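> Chain by chain, the residues run as shown.
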Amino acid sequence: MKLALGPVLYYWQRDALFEFYERIAAAPVDIVYLGETVCSKRHNFRLEDWLEVAKKLATAGKQVVLSTQALIESESDLKTLRRLAENGSYTVEANDMGAVRLLSGKQFVAGPHINTYNPQTLALLAELGAQRWVIPVEMSSRMLADLLAGKPPGMETEVFAYGRLPLAFSARCFTARHYNLPKDDCHFRCLDHACGLTLKTREGQPFLALNGIQTQSSKVYNLVAELEGMQLLGVGVVRVSPQPFHTEKILALFRQRLDDNLSGSEAGQLMARFMPDEACDGYWHGRPGIEQAGISI
Amino acid sequence: MSLELVCPAGSLPALKAAVDNGADCVYIGFRDNTNARAFAGLNFDLPGTSEAVRYAHARGKKVFLALNTYPQAANWHLWQEAVGNAAEAGVDAVILADAGLMRYASRTYPELRLHLSVQGSATNYEAINFYHEHFGIRRAVLPRVLSLPQVEQLVQHTQVEIELFGFGGLCVMVEGRCVLSSYITGESPNTAGVCSPAKAVRWQQTPQGLESRLNGVLLDRYADGENAGYPTLCKGRFDVNDETYYAIEEPVSLNTLELVPEMIRIGISAVKIEGRQRSPVYVEQVTKVWRSAIDTATKNAGSYAVEPAWMNQLNKLAEGQHHTLGAYHRPWK
Chain F
1 MKLALGPVLY YWQRDALFEF YERIAAAPVD IVYLGETVCS KRHNFRLEDW LEVAKKLATA
61 GKQVVLSTQA LIESESDLKT LRRLAENGSY TVEANDMGAV RLLSGKQFVA GPHINTYNPQ
121 TLALLAELGA QRWVIPVEMS SRMLADLLAG KPPGMETEVF AYGRLPLAFS ARCFTARHYN
181 LPKDDCHFRC LDHACGLTLK TREGQPFLAL NGIQTQSSKV YNLVAELEGM QLLGVGVVRV
241 SPQPFHTEKI LALFRQRLDD NLSGSEAGQL MARFMPDEAC DGYWHGRPGI EQAGISI
Chain V
1001 MSLELVCPAG SLPALKAAVD NGADCVYIGF RDNTNARAFA GLNFDLPGTS EAVRYAHARG
1061 KKVFLALNTY PQAANWHLWQ EAVGNAAEAG VDAVILADAG LMRYASRTYP ELRLHLSVQG
1121 SATNYEAINF YHEHFGIRRA VLPRVLSLPQ VEQLVQHTQV EIELFGFGGL CVMVEGRCVL
1181 SSYITGESPN TAGVCSPAKA VRWQQTPQGL ESRLNGVLLD RYADGENAGY PTLCKGRFDV
1241 NDETYYAIEE PVSLNTLELV PEMIRIGISA VKIEGRQRSP VYVEQVTKVW RSAIDTATKN
1301 AGSYAVEPAW MNQLNKLAEG QHHTLGAYHR PWK
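Those protein sequence lines, which keep their order, are chains F and V. Here my numbering is used: position 19 in the first sequence is 19, and no number is missing along the way. To convert, count from 1 in the second sequence and add 1000; that's my numbering.
The hints are simulated quantities; they were obtained by calculation from the structure and are not laboratory data. A couple of the hints might just be wrong.
[Said to hold, decoys possible] Label-pair distances were calculated between CB atoms; the ranges are:
1. V:Ala1040 to F:Gly286: 19 to 25 angstroms
2. V:Ala1040 to F:Arg46: 49 to 55 angstroms
3. F:Gly105 to V:His1077: 28 to 34 angstroms
4. V:Thr1206 to F:Phe18: 46 to 52 angstroms
5. F:Arg46 to V:Glu1051: 55 to 61 angstroms
6. F:Asp15 to V:Met1311: 37 to 43 angstroms
7. F:Gly286 to V:Glu1307: 33 to 39 angstroms
All values derive from a computational prediction rather than experimental measurement. C-beta atoms are modelled at their ideal positions from N, C-alpha and C, and glycine is treated no differently.
In isolation and in its complexed conformation, chain F is listed as follows:
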């Protein structure tokens, strides 16, 4: 199985992003997804910057994929999408059916925000040019096993295996709302929350993480103990979602697991102190996502 790093879902300072990818160039990861997938207002990195990083990573031997924004609303969003689709150098991950339309006939990745729940939809995406697909985060191993029994030939399967779960997108920016700012004049307050703004229940239970227009789980989805099962199912790629600290250490632990140098429980224990919150793995086990149903981490 290959190891992938997902796109950075948060808004980080420009320098921090450059430095992050300098380190990733040296990290034990095979595939790196780049680009702004959450909010079109975030502008610290322009397409030219992403392409510059892409070049460095490709030179370092990484396979680079450019990811498209999940929620595409305006003509300027579409303009950005077209530029990505026509970049000519790198494969693109489609996160909206509009992106699938623009990428049809090219090789592309069907991202986690395309609703692919059955073999018929996957076959359609394959005919249009998808070479790899990322399963919806709420999909269980059993649902995936059923689906893969009817998988089109040559299609590679990727699983979101580590990180706060992207659970929802909205027109409303919940970070701006927290600061009583209008979305159009948000002062980019999400820059202050490098792995999201924690929302707790009224009894103090960390529950969700607000990331602009995206809502994430506060808990960290962690399938590091489930890799053997994934291999048996035919999963080809596992994705780690970036966080502002220790991402390389997490990648290294996943790498050790993939190289058979570490057990699931050992990796879980070593990883616990690098995580922003407790682990969960319920979705994979057909349970509510928030639960931890497998080996405790």
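Go by the hints and put chain V onto chain F.
Below, chain V without anything else, positioned relative to chain F:
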């Protein structure tokens, strides 16, 4: 072109209330999780569907059938059968979200009119035109996330008819792209046709007040005399940086009565009322108000004004007794 009024029905009495009070179309679902309102005791079996179609057609009205959840490998046949049953019952359109199912429907029943459900998450014309090119969809229902100028821009770039939500419960998230419900309960609109399902809800009176929980997670706590609504998980009060508030969305309804002339002007084909889970009385009253509003605006858009009586009537029926223009009105964002 006139603006079609599309009303909800979770039962035959509700469907009759919609038809009798001025709906142009009524949308319904089968009694299983092939649709996004898979609630116990709600929806239509096959004889009920045929009866609904007979009743509406006899009065020159249409019936749409929502098959707008995502089939999975193990239960694909249920959705496939549902498409066949819908075609056989003579519904005027099926409302689909899943691309694979859309392809099946367009190939197997080429005469069956296809609408793209709001659960299909199409928020731009490239996405809508994708479904049109591949499956010949005739109409798309837009998620409640675009501003009216964005909607206008979209309408200008597609030949697919556009249907907008006009009134009812407000989904603050992009429909089809929200799994908050399954994160807590294991069941989401996409796969199970439910959000914050009733079986996971617990109410408990405590010394701190009345508490609502969803599968154990505290969603809200109400002081004595405070109005406690259905605990949809995005409409609870939470703590962010020690501040307790509706961090995602207040329990409000969408109400776009004042936008009716604008919807007509920009070329919207239909306006949709949310609420298949609501009573026949709700359907009757909302339908009446919207029929009057659309007729008034169609006759003379220039002098259109929302009548206070309409607003009073709708506010009584609204969730949380408050309403909003939602994303259609840019500052809401």
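> Within 46 to 52 angstroms or not, the Cβ separation of Thr1206 (chain V) and Phe18 (chain F)?
Roughly 51 angstroms apart at Cβ, these two residues keep to the hinted range, so it holds.
> Cβ-Cβ distance between Gly286 (chain F) and Glu1307 (chain V): within 33 to 39 angstroms?
At 51 angstroms between Cβs, range violated.
> Does the beta carbon distance between Gly105 (chain F) and His1077 (chain V) stay inside 28 to 34 angstroms, or does it fall outside?
For His1077 (chain V) against Gly105 (chain F), whose Cβ atoms are near 32 angstroms apart, the range 28 to 34 angstroms holds.
> Is the gap between the beta carbons of Ala1040 (chain V) and Arg46 (chain F) within 49 to 55 angstroms?
52 angstroms, holds
> Between Arg46 (chain F) and Glu1051 (chain V), is the Cβ distance one that fits in 55 to 61 angstroms?
59 angstroms, holds
> Taking 37 to 43 angstroms as the stated bounds, is the beta-carbon spacing between Asp15 (chain F) and Met1311 (chain V) within them?
At 52 angstroms between Cβs, range violated.
> Indicate whether the distance between the beta carbons of Ala1040 (chain V) and Gly286 (chain F) respects the range 19 to 25 angstroms.
22 angstroms, holds
In summary, the structure is inconsistent with hints 6, 7 from the numbered list given earlier, while agreeing with the others.
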